[in-house]
Each structure stands twice: as structure tokens, then as C-alpha cells.
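Residue numbers (the working numbering), protein chains in the order written: chain A, 1 to 754; chain B, 1 to 127; chain C, 1 to 85.
Think of the hints as simulated: they come from the structure by calculation, not from any bench. It should be emphasised that the depicted structure is a prediction, and the values quoted were computed from it without experimental measurement. Please note that a few of the clues may not be correct.
[What the hints assert, rightly or not] Straight-line Cα separation of at most 30 Å, DSSO-like style, residue types lysine-lysine; simulated pairs: (1) Lys556(A) to Lys513(A); (2) Lys124(B) to Lys47(C); (3) Lys107(B) to Lys12(C); (4) Lys483(A) to Lys466(A); (5) Lys604(A) to Lys630(A); (6) Lys78(A) to Lys67(B); (7) Lys195(A) to Lys617(A); (8) Lys240(A) to Lys110(B); (9) Lys72(A) to Lys58(B).
[As the list claims (entries may be wrong)] Per the computed footprint, the stretches of chain A lying under chain B, defined by three or more beta-carbons under 8 Å from a beta-carbon of chain B, are: (10) 207–216; (11) 269–279; (12) 425–436; (13) 656–670.
Positions of the beta carbon are idealized from the N, C-alpha and C atoms, including for glycine.
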Amino acid sequence: MSISRRNFLKASALTAAAAAIGVEPLHKSSVLAAAVQESVVWYKSVCRFCGVGCGVMLGVKDGKPFGIKGDKECPVNKGLLCVKGFYLHRMITAKNRLLHPLVRKNGKLEKASWDEAMDLVASRFKEILEKDGPNALAYYGSGQAQTEETYLAQRLFKGYIGTNNADGNPRLCMASAVGGYTTSFGADEPIGTYKDIEHCNLFLIIGSNTAEAHPVIFDLLVQRKKDSPSCKIIFIDPRKTPTNRIVDLHLQVKPGYDLAIMHAIARQLIKDGYTDEQFIKDSVNFSNGKDPITYDDYKAFLEKYTPEYAAEQADINPADIVKAARMFGESPTAMTMWCMGVNQRVAGVFLNNLIHNIHLLTGKLGKPGCDSFSLTGQPNACGGVREAGGLCHILPGHRLVANEQHRKVVAEIWKTSPDKIQPTPGKHTVAMFGAAAKGEIKGMYILCTNPAQSLPNLNKYIPGMKDTFLVVAESFYPTETSKIADVVLPVAFWGEKEGVYGCTERRSQHLAKALNPSGESRWDGDVIVDLAKRMGYGKGFEHFKGPEDVWSEYQKTTAGTDMDLSGATYDRLKKVRGLTWPVPDTSHPGTWHRFTEGDPYFPKDKAGNRRMYFYAKPDGKAVIFARPDKGPEEPVSAEYPVVLTTGRILEQWHTMTMTGQIPELVRANPVPYAELNPDDAKLWGIKNRDKVKITTRRGLLTVEAKVIDRTRKGTIFIPWHWPESLTNILTIDAVDPGSFEPEYKVAACQVAKA
Amino acid sequence: MKRKFYLILIILSFGILSAGFINNTQSENQNSLLLKDKHPKVDWTIGCTECHEEITPKVFKDWNMSKHGQVGFGCFICHGDGQEEFNAKGKDNGCLGCHSAMEVNFKKTKVKSCFDCHNGHTLKFHN
Amino acid sequence: MIIASMIVTTQKGMAEEVALQLKRVPNLTTHGVYKGDNIIVVMEAEKEEELVNMSRYLMNEFEGILGTYPTFMASEDEVDEIEEK
Chain A
1 MSISRRNFLK ASALTAAAAA IGVEPLHKSS VLAAAVQESV VWYKSVCRFC
51 GVGCGVMLGV KDGKPFGIKG DKECPVNKGL LCVKGFYLHR MITAKNRLLH
101 PLVRKNGKLE KASWDEAMDL VASRFKEILE KDGPNALAYY GSGQAQTEET
151 YLAQRLFKGY IGTNNADGNP RLCMASAVGG YTTSFGADEP IGTYKDIEHC
201 NLFLIIGSNT AEAHPVIFDL LVQRKKDSPS CKIIFIDPRK TPTNRIVDLH
251 LQVKPGYDLA IMHAIARQLI KDGYTDEQFI KDSVNFSNGK DPITYDDYKA
301 FLEKYTPEYA AEQADINPAD IVKAARMFGE SPTAMTMWCM GVNQRVAGVF
351 LNNLIHNIHL LTGKLGKPGC DSFSLTGQPN ACGGVREAGG LCHILPGHRL
401 VANEQHRKVV AEIWKTSPDK IQPTPGKHTV AMFGAAAKGE IKGMYILCTN
451 PAQSLPNLNK YIPGMKDTFL VVAESFYPTE TSKIADVVLP VAFWGEKEGV
501 YGCTERRSQH LAKALNPSGE SRWDGDVIVD LAKRMGYGKG FEHFKGPEDV
551 WSEYQKTTAG TDMDLSGATY DRLKKVRGLT WPVPDTSHPG TWHRFTEGDP
601 YFPKDKAGNR RMYFYAKPDG KAVIFARPDK GPEEPVSAEY PVVLTTGRIL
651 EQWHTMTMTG QIPELVRANP VPYAELNPDD AKLWGIKNRD KVKITTRRGL
701 LTVEAKVIDR TRKGTIFIPW HWPESLTNIL TIDAVDPGSF EPEYKVAACQ
751 VAKA
Chain B
1 MKRKFYLILI ILSFGILSAG FINNTQSENQ NSLLLKDKHP KVDWTIGCTE
51 CHEEITPKVF KDWNMSKHGQ VGFGCFICHG DGQEEFNAKG KDNGCLGCHS
101 AMEVNFKKTK VKSCFDCHNG HTLKFHN
Chain C
1 MIIASMIVTT QKGMAEEVAL QLKRVPNLTT HGVYKGDNII VVMEAEKEEE
51 LVNMSRYLMN EFEGILGTYP TFMASEDEVD EIEEK
């Protein structure tokens, strides 16, 4: 039976129209927009900024960025954006894009060719390697680099150059969360996902200004409160922030003195009978950090932590602690969310453990609406660094350099000798820059981060960075770090390269390449492979023709592990809005809750009747830790009587290399400032907008005073974004002994009118 | 392509002002169709809300209580940064960056902007 | 001959009436009202300009049409022979 071409075309036309109707009114653009849209192509991607992982569509017209819209199909944000993501397309063509390699000649950075720059880097690195050994070289990467880039860098430095001095900036933000998850549950990253939010009726937010730091998650909470009027939110934080808009109970604690509160809550939960005894029996061990202890030992340990004791430590009302405990206990569901206020502490890992403790005591884990859910700061700290082995002690697939079997497995995939990978962890970030300051590290490759602004106690580390042979791969110039580099390599920015980001909720999502790299910039992955070849490791890297090759090899390192990404092929990731691991094969939909029914690795045989089995622990049991209530490294004193805490604002991202280029975003907070409590300001004779001198034992900074009722009396808050006002010359570089994460959140200072 | 050229002619001849449906870089082209707005010269080292909380208290309150105010979508989203770009009435071409499901063909309606039905500050419909 | 399809959206409640009126337009076939106020139409034209004129005509001459959204366009001119059914 024949069908005319005309009829076939008419049928096709009809089908196309019908299909369009079947879709959300995305096509409902006016004839004008349709005409304009004809030449605009929309690419599916993920926001360049925080760890929420919002889906965004980048529109390209005539080879140039045209616009941004939220991806309505992405379950994370359902089309919403925050103000930073809103302007992403303009950052691609910002005036400060670095378009050509730069090499320092006679003290000045001058334009150079790629060949010249790369030859210099390779020869200097080889020279240092031969003369001083692999540990004289280092790599410092980023939670904003794509997974493929971090993976390649780790492969080169750990697997070929042979040094474990390969760390990343998540050391400065999420390392304590990693430490908490691995000690409490046996493996990194949350047990649940964002989906738990719509089932949860009690949120406990600790050390997080969610409204400004994770705006779209804040929006999910706002929506949840609207949908469920009985939903309550408890907030433990030294500041009143925009997050307070949805808070029902605020424990405005003294910075650094909140561990006792978590113990007191645990004590109250036990006393009031809110514990899940069966769950504890089935799935929980107890430890004092060194040795196993019993449940009774733990209860005895908690006796000290009465609400009165904890309230005195934190300078709050004891009744509020009891109230918080009861709200947490009574609600059948509970999610705790936290961020830098918990992690950037010398007791960061401890505090993470104590958060997991209350969820383990009450069994509020591994079921809808229940989770201890760490909020990740950067867009790919999870995917790239925590999962692909981007810290000095780990290897891809949640493995450890110290584990012989782990080294063997990874070395085979990396096509290198297992002896090449050193068994001892390398230098963590602060130690790495300390070693550079001492001249022990002579050459460093820095990718997609700005340590000359983001390290704590900057004055201690900048001279050392200047003395080290510093290679900076960066999309923007100048930055504090690239200004002092020996070689600056221009690399492709967001939208100009394809790759994968893994966000807070274990969701790996594909970012499309929508544009060609600007100027002479190249994909970071290409540059690393180029360096590997020039250093003589070509054989191990020449098979990588593009990001997909790298991802495919990386997937192999995850096969069979708790973070299995075997089912997350590029093909699949391009079609779907991400997949939450473990996703062991291409027909698996991804996992909501780990360590329980639905997790493809949940061992039903071993678990028996138990609801949860923490299979990353040898006996399947998670651990409740009896940790001491450690205070801050630098408490206030007579000489330095004011608490200094640092953090973020909504409109700016990190060191302002991107968001600082957008006048609208700068308008929100045009100049650096310090938040002063109104009572303090009155006492100190300081008015709004007066210049104030902030002094710590490490440095002095002069900023404008913003007198506002946010911080507690005796505390000031300074955002760290402005390169012209480096907040981090004030902060302390004391680190958590477990995670090596610095205590940005608490230091002691003096405040005086300038 | 001839057809594209034809369509663009139609667009220009109708003088359509809806400047694209997403936050896009064509705003400069569209501005040439509108009178250029100028914000009074002020101390540019402060943000919008610093002044406007005092000098336009109702507008500030309306915005602050609205969903945009709650989630920190500041004045600049619609009005520009004030110094380099300023739109007194507020541009609505950014709305579709988050609300692309709500697009309307203004050619066939009496209203010509999102703000004709949605109050730009309270965001309420028809109020 | 060019074949093209479009969605024609109308003001609330006016789709049925507009669809009836569109039946009288030569070279335009209506294929029903869907999802409230969307009419699927398929058009035939000798030249591309005619399609453009058609869009303009619909938008200007019919009360109640909010917009026309092209969804498909192809030409059958490349085919050497046309088989009639």
C-alpha cells in the first residue's frame, strides 16, 4: 500500500504538533519568540554555583550565549533559579575572561603561546621530580572542576608522578562532613535525597544560612511549610539571617559552643523515650572515638550534658534545648541540614558525628522524610572530589590510598603500577601550602580555585606561594592566585566544555558543551593530558579523546562499590535529569535511600529482619560517638574580646571572579563590610557605615560597619568575597585533627573605630 | 533565509516590545526602542534597599513581604543595577528565566507586560 | 508544496468557536481542540511567504487568537515522483 509523500508529511506535521501539545507549555512562545527561538538552541546543563545542583538551560544564538532559563524538567529546582545562576550566561563573556596563556618573565606576566607555556611547566615539573622527588610536586584542585578534570588530575599526580600531595578546596568546606559520614556510617555522603524534604515535618538547620547559601533548597523548605502547616523548623546558628523567616525555634548560640547542645538533645531524647530501641539494637554500635563502649556507657557519658550545662556553654535558654529535643523526638519524621557552621570547625568531625547520633538514636534514617542531610557547598565537591578521589588520602570510588587492595584495583584501571601510588596520605591543603612556604613543595598545579584568597591566615601562606613554581589553570584574570603565578593557563569555562557534576543529593548530572572555548582557552582535561604527554606519560593518557572517554574509565572505578555509577553513562545522563547513585546498570532508576531496601547493594541475607544494614561497616552497624564537647581553638580573651565569624552573602560566589562581573549582583552589597550587633555598636561608639578596624593575632582589616541585628552581642560577621578586602588575613588556620578542615567560623578579634 | 528575514521584518514593523522571553543579552537593542531611564545620582557605595527602605517604604514593604523579597530576588533583577543600567518601570524580560511556563503572546492581548497583570512588587495577580 | 503544522492558542473558552471559523480558511486543516485552548492546524502552501502571511492573517483577522506556534515544516519538492494513493 503506497502512501503519498504529501500525506506522509501531513501526518508528520500533525504528529509534531500533537507531540508539542503533549509537552508542558514550553513551546507556548509567541510568534515573535518562536521566530527568535528558531535560531536559539537550548542546552541542558547544571548551575555553575552551589551544591544544590539546579538544572539550567543555556541558550545559544549565532555561537554566542543568548540567555538562561531554569530547567523545568529538573526535579531539583523545577525551573527555579537564584540570582547568581540567573546571570550565568553573562559571565561566559565577562571582560575578565583569560584568553591567552601567561608566563612570568622578568617579574611580569606576559602573553605566551600554549607550546611555550606547557613546555615550561613540563620541564620545570620534570626537573623538580628528578631532583627532589615526587613529593616536591603538588596538585590543588576544586569542587567546581568537572569530575573528568579532577579524575584526570588525580590519575596524573597519584598514578604517574607518584605523589599523594593531591588535594582540593573541599578540604576547606566539606572534609568534616566526609569525616562524619565515614566514621558514623562507613561511607561518605547522605543516605537520603531532596525527595525526603516533601515527606518531612521537622527540620533542624544547624550552622547554615540556607536562604542565602542554598537558596533553592530554602525555597523547597518554604514550599514544604506552605504544603504542611504542621511542619516546624528549628535553627541552631549564631546569627539571625534571612533563613529566620521560616524558623519556629532559634537557638542563637555562642559560636563554637554547640556540641554540648547536641549531647543535651540526645540525653533528652533518651529520657523522654523517643529512642527507637529496636533500631539501636539492630543497627548501632557505640564508641568513645578510641574504643567500643556500651549503650549504658553512652547514657552515663550523656549525664553531664544537662540542658542547663549545654545552655550555659552556648549562652542560650535551657528550656529551648528541651523544646528542640521534644520537637525532634515527637515528629515521626526529621531532617537535619547543616553546612559551614558545623564543618569549618576544629571540632567539625565531632559535630557531624553528634548530628548523626540523634538520627541513629531515633531511627530517623533511611525512610521517607528522615535523614541527616549535609548541604554541600560547591557544585561538584561530591561528584568530582569526594567520589573521584580528589583528596590527599583517597582514591576514586570511595577508596583509600592506605589500602593495598584499593591501590591495586585503581592502578589496574589507571594502567599504572600499583607501586606508583604511595600508601601514605599526602599533605592536606593547609599542610600543603605550609610545605610550599617552607620550600618542601617546589612546584604546584592549581586548578579552578583561588587559594590566595580562600586559605585561612593568608599572610602565612602567600609568600610561600610566590616562591613556589605555581601553575594556575583558570578562566578569569586577574585573581589573587593567578596574579602571583609563574604560569597562567586559560581554560574553558562553564558552557564551553562537556562534563559531569555530582551535587549534594548524590545526583550526577551532565553539563552540555554549548559553545566553543573563548579565545585560546582549552578544556582543562586536554591541558592535563597535554602535560602528561610532555612529562613522558603519554602512553597512559593518549587513549582519552574527550570527556566521555574519561567518564567511562572513571565509571569502571565505581563498579561494585557503594557509589556505583556504572548505569550513569553519558548517553543516559544526556537524556535524563541526573541519576542518584548507586545506579549499578543502565536500567536502574537510581537510589533514594541507601543501606536499606531499595539500595541495590542492600544485603538482604546479611540484614535479615533489620530495616537498615550499613554495609560499608564491617558488621553492618553504624556508630554513635561519645565525643567530648570541644570548644573553639581561639576563644575570646581580654585582649581579643570579640568573636569573629565569616561566611557568605546571597549575591556573591566565593572570590567574586564570576559574580563580581555582574553590576546587578554587586549592587546588592557594593562594598566590603562587617556586621555589628546594634548594642555592641552603641557600646563601641560605632555608627552604621563608619570605618572599623578588625584585628586578630594574624592581621588587620579595615571595613565598613553594617550595624544590623543579626549577630549575637560580642560577635561580628564578615563575608569573605571581596578581593580588595581579604577577610582571610584575619581567620585562623587551626584545623580539625580528623578532617584537617580549618576553623573559619570562630576566631578572636578586636574591633575599633578606624 | 528569506523566510527568517520576512519574519524579522514583521516583528520590527509591529514594533514589538516584548524583548525575548528570557534574561538575554539583547536588552541593549530593545532599550533603543524605549526612552533611556536615569536613576538620580546617589552614593553608589550602598545597595538599593539601604535608601529605598526609607524613601519608598511602601514599595519596600510590598517587595519584602513578597515571594521575591523572601528569597532575595532584589530590585536589580527588574530595575538593573541603577548606575550602569536603570529601568524605572522594571523590565519583564527576565521573568521567564524562572517562569518560562507562564509566557503570553502580548500581541493579541490588551496587556503588554507581565507587570500589567502581576504587581511587580507584591507579585499579586491583578493587584 | 510546503507542509507545515502549528498550534493556535486562543483566549479561554474561545477555541471551539475559532476552530469553526478556521474551517473556512483555504489550505488550512484543523485537527481539533486539545488541552483547553489549543487548536492543531496543518497548512499547505506553494511558497514560504504564504506561510508567513497565513500566520499574520490568523493573528490579525481572528478575534480570540492569542498566538500561533509553528511545530513542523517540510517541503515535498525534493521527491522525483509523487505516488497518488
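Item checked: Unmet hints by their number, sorted upward, for this structure -> Of the numbered hints, 2, 5, 8, 9, 11 and 12 do not hold.
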